[in-house]
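Between the sequences and the hints, there should be enough to build the whole structure, so can you do that?
Going line by line, the protein sequences match chains A and B. Numbered according to my numbering, the first sequence spans residues 1 to 179. Numbered according to my numbering, the second sequence spans residues 180 to 364.
In case anyone wonders, no lab produced these hints; they're calculated from the structure. Values in this document were obtained by computation on a predicted structure and should not be read as measured data. Any given hint could be a false lead.
As the list claims (entries may be wrong) - Just a few of them, taken from the derived set where beta-carbon distance is under 7 Å, the chain B residues facing chain A:
| hint | residue |
| --- | --- |
| 1 | 225 |
| 2 | 226 |
| 3 | 234 |
| 4 | 256 |
We put the CB at the ideal spot given by N, CA and C, even for glycine.
The primary structure of each chain is shown beneath.
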Amino acid sequence: MSETLPPVVSEAAERRSRFIAENLRRIFVQIYRIVGNVDDAQDLTQEAFIKALQREDQLKDPDKAAHWLSRIATNTAIDFLRRAGRAEFLEVEALAEPLTAPAEESPEELLLRAERRLFLEEGLRRLTARERLAFVLRDLEGLPAGEVARRLNCSKATVRSHIANARIKFRQWLEGRNR
Amino acid sequence: MSHPQANALALFAGGDLPWWARWRVRWHLGACETCRREVEGYRRAAHWFRRAAAELPANFDWERAAAEMRANIQLGLEAGECVSAPERAASPIRWRVVAALASIAVVVVGGWWLHMPHPRAPRLEAPLVESTSDGIQIREPEGSLALLNPRAAPVMVYPSAEGAMTARFVDEETGLVTVNHVYVE
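Below is the structure:
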């Protein structure tokens with residue numbers, strides 16, 4: 001008689017899996033908005049999770065862990081841009097697979113969402129690398145200007161200038177679409 | 180009426196102006212409908228940005244990408260466990276203990292060294308009475324004075340506990356006994 005035993009999953013491994021599942025999409029999108037490229041965003045997301053999960057003691061408090069992971073993700077993306085010396089961002093690669101979406105979305109809603117995504121990506125490409133970074137960190141991540149300055153290693157006045165330029169350019173782009 | 184610059188309005192909309200500049204823009208907005216609409220426009224754009232940015236990239240198969248990333252993360256963690264030394268986890272605590280012991284050692288050695296008697300070069304601060312081969316000498320920082328004994332006669336010299344010095348000798352020709360008692364007050 002043979003009996004199939006359930007796989008033994010350690011508590012730590014279970015915690016890891018849950019942590020990845022809860023944060024993967026958020027971190028991917030966060031990094032993608034900074035680097036503007038799907039392939040790089042995937043690689044950097046993996047890197048950020050590996051860095052975070054190698055310090056498992058930090059994962060005990062889920063709220064703190066999520067915040068901590070966001071910080072690692074942002075720093076990983078900024079380091080990548082510095083290493084690569086990126087002045088501009090690459091095109092988003094169109095994948096062969098069809099767009100997946102929740103079943104309850106109507107074709108009109110799907111179309112609208114797709115249009116909005118493309119429009120956003122186009123708008124962000126109009127910004128310089130530093131404007132984009134400052135804009136994402138301030139207006140999307142909600143970091144204070146001082147913290148953005150610290151992470152970009154520049155003065156608060158410079159960061160304010162990047163943020164203001166980005167907001168003006170982005171708004172002009174957005175309003176141009178609506179005309 | 181002069182209006183604030185577009186940069187100032189864009190920063191004001193996100194609450195990024197320093198307080199004095201914020202106060203000036205707010206004062207202006209109280210009386211300027213055009214600038215109020217500008218600020219509102221920046222806020223609408225920021226709201227749109229936040230909503231749109233939460234979306235995944237266009238034409239992107241999230242399920243497939245997520246499965247790939249999960250597998251690669253697992254692989255990366257396993258590779259990391261293979262290469263990392265097993266005792267590395269304990270090292271931060273060990274370093275703390277070593278640092279604490281080193282600090283204690285520094286304090287103990289420093290205290291002992293400060294309290295240790297150090298040999299010092301003799302420094303003459305008060306007059307000193309001493310016996311020399313020539314007689315009895317009073318030595319001071321500024322100079323010395325010697326009371327010479329006769330070379331021919333045998334001289335008996337007695338020091339005293341109070342720091343005085345006595346020399347006694349007999350003149351062979353006259354038989355006269357001389358006692359030199361030298362002390363410092």
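Of the hints given before, which are not true for this structure? The structure breaks only hint 2.
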